[in-house]
Structure formats: C-alpha cells, structure tokens
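Residue numbering for the sequence shown follows our numbering, beginning at 1054 and increasing consecutively.
Hints are computed from structural coordinates only; laboratory data are not their basis. There's no promise every hint is true.
[Unchecked claim] Below, simulated EDC-like cross-link-like pairs (lysine to aspartate or glutamate); rule was C-alpha separation at most 16 Å, straight line:
#1 K1354 <-> E1104
#2 K1084 <-> D1436
#3 K1392 <-> E1325
#4 K1383 <-> D1368
#5 K1441 <-> E1428
#6 K1255 <-> E1195
#7 K1383 <-> E1325
#8 K1383 <-> E1369
#9 K1442 <-> D1248
#10 K1442 <-> D1426
#11 K1271 <-> D1261
#12 K1383 <-> E1371
#13 K1441 <-> E1238
#14 K1354 <-> D1102
#15 K1311 <-> E1369
#16 K1442 <-> E1425
#17 K1441 <-> D1179
#18 K1442 <-> E1428
#19 K1441 <-> E1427
#20 K1392 <-> D1102
#21 K1311 <-> E1416
#22 K1271 <-> D1248
#23 K1442 <-> E1183
#24 K1392 <-> E1195
#25 K1442 <-> D1179
#26 K1209 <-> E1238
#27 K1441 <-> E1183
#28 K1354 <-> D1109
#29 K1442 <-> E1419
#30 K1311 <-> E1419
[As the list claims (entries may be wrong)] Computed beta-carbon distance windows for the label pairs:
#31 E1118 <-> S1249: 38 to 44 Å
#32 H1205 <-> P1321: 43 to 49 Å
#33 D1273 <-> R1450: 48 to 54 Å
No experiment lies behind these values; they were computed from the predicted model shown. All residues carry an ideal CB built from backbone N, CA and C; glycine is no exception.
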Amino acid sequence: MGGPHVSPALRAMMDDYVHARVHEPVRFDEKANRWEVLRYADGVRVISDFEVFSNDLSAFIPDHEELRNFSKGNFQAMDEPRHKELRGLVTQGFTPKFVQSLVPRVEQVAAELLDATLERGQERVDMVSELAAPLPVIVIAEVMGLPVADRHLFRKWADALLVDNGVDALFSEEGVAAMAPSIREMNQYLLSHVDSYRRSSKDGLIRDLLDAELNGRKLDDFEILGFLALLLIAGHLTTSTVLTNALLCLDENPGLAKELRADRTLLPPMIEEVMRYRSPLVWINRCALTDVEVGGRRIPKGALVGTSLISTMRDEAEFAQPDVFDIHRKQARHLAFGKGIHFCLGAPLARQEARIALTALFERFEDFRVAEDEELVYHDPNDMNGTKKLPMDLVRR
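When you get a sec, could you build the whole thing from the sequences and use the hints?
Structure below.
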C-alpha cells in the first residue's frame, strides 16, 4: 500500500485496513477505548451528523486547569449553538477576500526562505526546517499580530500538543500531565499578548476579538485564548505536513513535476489529491450522543468514535484505484479538512500556502529529490502522517 516513502508501521496499518474495510468496517479498539470507522460513507456520516455525534470530547479528557482554560474558546470542540456563535466571530475575519489579500505576503515569505537557501549554496537541505515549517508559522503569526521571532515557541507547543505526546494523550492522565507545562507556557504567552493589546491602540486579530461582542457581551480572556491557541496550533503544523507530503508524492511519481511545471493550474487538484492520498491528520474523533448503528455495529451512547482518515480515503467503494496517486482524479472528495459545520476554517489558507510554496520551488530549482542515502524519520502513524525531517537534494536552475 502506498509509495516507497511509507513507514513500516503505517504500511502495516494500511494493509490491515484493506481487510477490515471488507470484514469489519466498524470495530472496537480496546487499547484506545474507541470505535473505529473505516469506510468512507460511514466516516462522512460520523463526521457531519452533529445531532448524533458530538465534537465535545470533554467526557474523555481528564480535568486540568490549564487545559480547561485552553479549551474554553476552542470552537472546534463545541456543538451547536455555541460552536456557531464563536466560530462566526472568527469567520468574519477569515473571509475569502482576506485569504486572497494574504497571497502577496505568502509569496514574499516563500521567496525569501528559498532565496536564502540559494544564497547559502546548499545542495542538500531539510525541507521541513527550510520551508515547510517556517512558511505557515510566519504567516499565521503575522495574521495574529504575534512576534515572528517567537516562531520556535509556536512549533514547540504544536509538537507538544499534537506530535510528541501523541494525539490520544489528551485522553489519559499521564498524557495531559506531560502536555501541561507546554499548555501553561502557551496560555501565559497568549494571555500576556491579549493584555498588551488591551492596554494599547494596536490593530489586529487580537484587537478585533477584544472589541467583539457575543450576545451583547464581550469575550472573556480565556475565550480569546482558546481562539488564538486553536489558530496558532492548527494554523501551521497541518500546512507544514501537507507541503512535505506533497514533496514525497512528487518524488514517488517521476514525470509529475514536469507536468506541473508546464501547467500550474494542475497544482490545486494535485494538492487535493495529496490530502486524500496522504492526509496529515489520522483520526477525527466524536462522541456518540445516543445509541446508534454504524456499519452494522451497535455503538453505545457516550462512546468515543474515531473516523480513520487513512482508511476512509483509500476506500475502494468510493475511489477508483485508491492506492494510485492521480491528480486528474474525478472523485477527490477527501475528508482531511473535515466536513459540514466543523470544516477546517483555515483550509483556504493552507491550500494557498501549499500552492505558493510548490510554485516557488519550481521557479528556483530544476529538480529536487528526496535524498536516497538518508533514512526518513516518520511521525507515529497514530498521531500524524508525515516525516519529522525531509532531506532533499536540490538542483538549481
């Protein structure tokens, strides 16, 4: 399953899913204490039917003060009507017009990063640290009005919450305890900037949130904190992994780069196929609000239900030749950005950043290939689908 750039652990997982989609498309994982949904149609239902499957996972998360503060404004973990009210405030700022206005700055940042690579004359670089990680974090920091110089902190916190301790760490006392120092540090940092904006006349997203009203009242500091933390963490790590995964797909498909160089309009569908074929996120979790039947299995009320993005987007019933990377695919309805009311708010920006980064690479380098003599180090496939580093050999134009 998959191309050559797949970890043994992920390959074993994907092989297991091929069998399970036929014989046990919904199954209970005792170790994770979670029902796994493996078929596309079932996954769409679980992700989008918010009347039966809740986004509020607090029942599974140990109570911790710092995590409670961090979660208060995280609308992605809320149900209606609270989700709609809070998300609406941020949506007002993240309009298509606003995202389009960021394009020149994203192009400038990508150019500056890669021009610096050219100036150093390096023929081999780690594309994660060189481009994929700094590009989205610089952009989101500027959008939020936070110092770009602190981007190493943002990456550290994202790794602590989503990678280092495992995505499912939130569901255990030990996991939350391991995350707590990073959450505390991030909370204090963001609250200090909220206070700084309150005492100044500076404009920006934080100012907009301070001035915003929800049902006739101002947002409190922890609601603003939750907004900012969600944007900061989700706003760069996923995009970074999308870009590195796109580079892996290019490396696995000789001739594709030439096709994309000749026709840049193929970049958007190529990025969508990357999201299907190599989704950065692995699970989308929900809580069953009632006893419900999915895929012929009875799931009890209050159970944790996880939709596997790795399995659902390789479902033979939905995608023709699902293990083939095909940028001309007619059915590329992936779930990597979610679906329905919880569709990822940052998806348009992530798509633009990936397109712009690949364009900048094509403009500056005749060729770029994954280094053959260095072993890739992968994330745990239960947490994130991608590589921690991506050594690539560059041939400048």
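Hint check:
1. Pair hint K1354 plus E1104 holds up; C-alpha atoms about 13 Å apart against a cutoff of 16 Å.
2. Restraint check: the Cα-Cα separation between K1084 and D1436 comes to about 15 Å, which is no more than 16 Å; the hinted pair holds.
3. In summary, the hint linking K1392 to E1325 is supported, as the alpha carbons are separated by about 14 Å, within the 16 Å threshold.
4. Straight-line distance between C-alpha atoms of K1383 and D1368 comes to about 15 Å, which keeps the hinted pair within the 16 Å bound.
5. Distance check on the hinted pair: K1441 and E1428 sit about 11 Å apart at the alpha-carbon level, within 16 Å; holds.
6. Simply put, K1255 and E1195 have alpha-carbon atoms about 13 Å apart, close enough for the 16 Å limit, and the pair holds.
7. Between the alpha carbons of K1383 and E1325 the distance comes to roughly 11 Å, so the proposed pair stays at or under 16 Å and holds.
8. A distance of roughly 14 Å separates the Cα atoms of K1383 and E1369; the hinted pair therefore holds under the 16 Å criterion.
9. Using a Cα cut-off of 16 Å, the hinted pair K1442 and D1248 is violated, with the two alpha carbons roughly 36 Å apart.
10. Proximity of K1442 to D1426 is assessed by CA-CA distance (about 14 Å); at most 16 Å being required, the pair is judged to hold.
11. With a C-alpha separation of about 11 Å, the suggested pair K1271 and D1261 falls inside the 16 Å cut-off, and the hint holds.
12. The straight-line distance between the Cα atoms of K1383 and E1371 is roughly 11 Å, inside the 16 Å bound, and the hint therefore holds.
13. In summary, the hint linking K1441 to E1238 is not supported, as the alpha carbons are separated by about 23 Å, beyond the 16 Å threshold.
14. For the hint linking K1354 to D1102, the alpha-carbon distance of about 15 Å falls within 16 Å, and the restraint holds.
15. Simply put, K1311 and E1369 have alpha-carbon atoms about 29 Å apart, too far for the 16 Å limit, and the pair is violated.
16. The hinted pair formed by K1442 and E1425 meets the criterion: a straight-line CA distance of about 14 Å does not exceed 16 Å.
17. Taking the CA atoms of K1441 and D1179, the gap is about 10 Å. The hint holds against a cut of 16 Å.
18. Our distance criterion of 16 Å between C-alpha atoms is met by K1442 and E1428, whose separation comes to about 10 Å.
19. A hinted pair counts as satisfied when its Cα atoms are at most 16 Å apart, and K1441 with E1427 qualifies at roughly 13 Å.
20. Taken as a hint, the K1392 and D1102 pair is honoured in the structure, with Cα atoms around 10 Å apart against an allowance of 16 Å.
21. With a CA separation close to 12 Å, the supplied pair K1311 and E1416 stays within the 16 Å bound.
22. This hinted pair checks out: K1271 and D1248 have alpha carbons roughly 14 Å apart, not beyond 16 Å.
23. Of the supplied pair hints, the one linking K1442 and E1183 holds, its CA atoms being roughly 10 Å apart against a limit of 16 Å.
24. For the hint linking K1392 to E1195, the alpha-carbon distance of about 28 Å lies beyond 16 Å, and the restraint is violated.
25. The straight-line distance between the Cα atoms of K1442 and D1179 is roughly 6 Å, inside the 16 Å bound, and the hint therefore holds.
26. Note on K1209 and E1238: the hinted pairing holds, with a Cα-Cα distance of about 11 Å set against a maximum of 16 Å.
27. Of the supplied pair hints, the one linking K1441 and E1183 holds, its CA atoms being roughly 13 Å apart against a limit of 16 Å.
28. Straight-line distance between C-alpha atoms of K1354 and D1109 comes to about 13 Å, which keeps the hinted pair within the 16 Å bound.
29. Taking the CA atoms of K1442 and E1419, the gap is about 22 Å. The hint is violated against a cut of 16 Å.
30. Restraint check for K1311 and E1419: the C-alpha separation of about 10 Å stays at or below 16 Å, so the hint holds.
31. For the pair E1118 and S1249, the supplied restraint of 38 to 44 Å is violated, since their beta-carbon distance comes to about 23 Å.
32. One distance hint, 43 to 49 Å for the beta-carbon pair H1205 and P1321, is violated here, with the actual separation near 31 Å.
33. Roughly 53 Å separates the CB atoms of D1273 and R1450, a value that falls within the hinted 48 to 54 Å.
In summary, the numbered hints that this structure violates are 9, 13, 15, 24, 29, 31, 32.
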